[in-house]
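**Q** Sequence:
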Amino acid sequence: QFDKRLDIDLSCENTMALQNTKLLKAYADMHPRVRELGIAVKLWAKAAQVCGASRRHLSSYTFTLMTIYFLQVSEDVQMPYLPTSCFEPGGEGEDDPRV
Numbered sequence: 001q002f003d004k005r006l007d008i009d010l011s012c013e014n015t016m017a018l019q020n021t022k023l024l025k026a027y028a029d030m031h032p033r034v035r036e037l038g039i040a041v042k043l044w045a046k047a048a049q050v051c052g053a054s055r056r057h058l059s060s061y062t063f064t065l066m067t068i069y070f071l072q073v074s075e076d077v078q079m080p081y082l083p084t085s086c087f088e089p090g091g092e093g094e095d096d097p098r099v
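So in our numbering, spot 74 of the sequence shown is number 74, and the numbers just go up one at a time.
In case anyone wonders, no lab produced these hints; they're calculated from the structure.
Source: prediction; values computed, not measured.
Hints are not guaranteed to be accurate.
Within a straight-line C-alpha distance of at most 20 angstroms, the following computed SDA-like cross-link-like pairs (lysine to any residue) qualify [unchecked claim]:
id, residue 1, residue 2
1, Lys22, Cys12
2, Lys46, Asp29
3, Lys46, Glu88
4, Lys25, Pro89
Start from the sequences, fold in the hints, and give me the full structure.
**A** Here you go:
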């Protein structure tokens, strides 16, 4: 849990989850507000009871991706797009020149 209010996901032997985590970390490393806004959206979604794939709602990962998309299309922010292929097995991750 984060701050006793936000659950985290734990995955074992799931390389796709690791790829997703690396992608989110790369975005969060761009600016501290990315992480802060992502956490705020997750907390809102949990409080509004609209989060939880097990309950046929959007997953917290989906809410995080929507937050990043908002930051990408916002004229005030215009966060860059990071190619997901950089974070696939064998990809260069944050060392990729496109990141």
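**Q** Look at each hint and say if it fits the structure.
**A** Here is what the structure says about each hint:
Simply put, lysine 22 and cysteine 12 have alpha-carbon atoms about 15 angstroms apart, close enough for the 20 angstroms limit, and the pair holds. Under the criterion of a C-alpha separation no larger than 20 angstroms, the hint pairing lysine 46 with aspartate 29 is inconsistent with the structure, at around 24 angstroms. Straight-line distance between C-alpha atoms of lysine 46 and glutamate 88 comes to about 29 angstroms, which puts the hinted pair past the 20 angstroms bound. For the given pair, lysine 25 sits about 16 angstroms from proline 89 by alpha-carbon distance, which is consistent with the 20 angstroms threshold.
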